[in-house]
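Participant: When you get a sec, could you build the whole thing from the sequences and use the hints?
2 protein chains.
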Amino acid sequence: MAYPKSFEKCMEGFQKLPGVGLKSAERYAFTMLDCSLQEVQEFAEALLEMKQKIHPCVICGNLTEKEECEICQDSQRDSSTICVVQSARDILAMERTKEYHGVYHVLNGLISASKGILPEDLNLDSLLKRMDGSVREVILATNATVEGETTALYLDKLLSSKGVLVTRIAYGIPIGGHLDYADELTLIKAIEGRKKMD
Amino acid sequence: MAYPKSFEKCMEGFQKLPGVGLKSAERYAFTMLDCSLQEVQEFAEALLEMKQKIHPCVICGNLTEKEECEICQDSQRDSSTICVVQSARDILAMERTKEYHGVYHVLNGLISASKGILPEDLNLDSLLKRMDGSVREVILATNATVEGETTALYLDKLLSSKGVLVTRIAYGIPIGGHLDYADELTLIKAIEGRKKMD
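Residue numbers (my numbering), protein chains in the order written: chain H, 1 to 198; chain W, 1 to 198.
Any given hint might turn out to be false.
Same chains, same label: a pair holds when it works inside one copy or across any pair of copies.
[Unchecked claim] Taking lysine-lysine pairs in the BS3-like style, the calculated list, with each CA pair at most 25 Å apart, reads:
no., residue 1, residue 2
1, Lys5, Lys23
2, Lys16, Lys115
3, Lys16, Lys5
4, Lys66, Lys162
5, Lys53, Lys66
6, Lys53, Lys16
7, Lys98, Lys5
8, Lys98, Lys66
9, Lys157, Lys129
None of these hints come from the bench; they were simulated from the model.
Facilitator: Rendered as structure tokens:
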């Protein structure tokens, strides 16, 4: 027996989601069948509305339904510090800490030789435009991967000439992490980055 | 920073899916944002179409877009053997084996004291209607859980008086399973159900 056609189409849609294979897609489709028609309608409309309404902030590239995002519009934020991240998802992660009060810049990717992503593919023009003298520090908060490092090195070179302090987030043992589970590179970085005890 | 409203609504929808929490819903919503408008439209339409078109087969309760499901309509299938399952999902699992050639009956649930599900809440009337003398065997293929067992016992009582052979699927060690990982009840059932080697 095959699935009914409309069921299969729905499963195909779910399989586009990251980490969702045939089995999960099947479970998800069954769950949707068990929901009321109203619930499914609301969900379908929410998907479309999100796709149609959300676009990148003209200043930093963060997600927003307006022209400028909530953070860029917030006069309480320290606009002299810009935290550069790979994607808007990283902003949400940073915001959850509630410790950072500067603004952001979303690159929309990382330089990658293997994926053929070049500096010109990133959201850099608007970052350079922001270097109008009002910015004191740029924190490079790309991932600690090869691509993240490459991008950070590139940005450091690009921005240093603009008379701005360029910093990189710290490497080390994650909180709760065990030394014997940490890889060698992380340990080396943790020792290199050691600080005097307060 | 909060998510844009339409993004949050979309996340809420995803969180209705089984096993999907805040983090996964966020990832899924971001994936949808990365898809083209056409892809999102197709997915939203597929959801609605599925919900509107699919309903239970009038005979067995399996999912179908027609009046009777593919299996009930198939004259090649042995309609004298009915395999009783909890949900339409179990039919798909059974069909994947390609070893069963009878027909099915979907209960749409299991008797459960804790969830307050009584025999009258199950799709039983139509099962009894099918006991018109043409059925030779009813295989009880409910889960090997308390609820599955309770339901199987109830069905055995109900159907035995109808002059039909009532059987239960076998319990034992799953293929690839290790004895030292099996629980005691499974081992007891596996020993009880032992067979002469061919």
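Participant: Given identical chains, is Lys66 near Lys162, meaning Cα to Cα at most 25 Å, within a copy, between copies, both, or neither?
Facilitator: Close neither inside one copy (30 Å) nor across copies (68 Å); limit 25 Å.
Participant: From the Cα coordinates, with 25 Å as the cut-off, is the pair Lys98 and Lys5 best called within, between, both, or neither?
Facilitator: So Lys98 and Lys5 pass the 25 Å test across copies only (20 Å; inside, 47 Å).
Participant: Within a copy, between copies, both or neither: where do Lys98 and Lys66 come within 25 Å Cα-Cα?
Facilitator: within (23 Å within a copy, 54 Å between copies)
Participant: As a check of your reading, is Lys53 near Lys66 (CA-CA no more than 25 Å) within one copy, between copies, both or neither?
Facilitator: Within. Shortest intra-copy distance 8 Å satisfies the 25 Å Cα cut-off; inter-copy 37 Å does not.
Participant: Have a look at Lys16 and Lys115 and pick one of within, between, both or neither, based on CA distance no larger than 25 Å.
Facilitator: within (20 Å within a copy, 34 Å between copies)
Participant: If the cut is 25 Å between Cα atoms, do Lys5 and Lys23 qualify within a copy, between copies, both or neither?
Facilitator: within (17 Å within a copy, 31 Å between copies)
Participant: Could you place Lys157 and Lys129 in one of the four classes (within, between, both, neither) given a Cα distance threshold of 25 Å?
Facilitator: within (16 Å within a copy, 79 Å between copies)
Participant: With 25 Å as the alpha-carbon cut-off, assign the pair Lys53 and Lys16 to within, between, both or neither.
Facilitator: Both: 21 Å inside a chain and 22 Å across chains, each within 25 Å.
Participant: Reference check for the pair Lys16 and Lys5, CA-CA at most 25 Å: within, between, both, or neither?
Facilitator: both (17 Å within a copy, 23 Å between copies)
Hint 4 from the list above is the single one not met by this structure.
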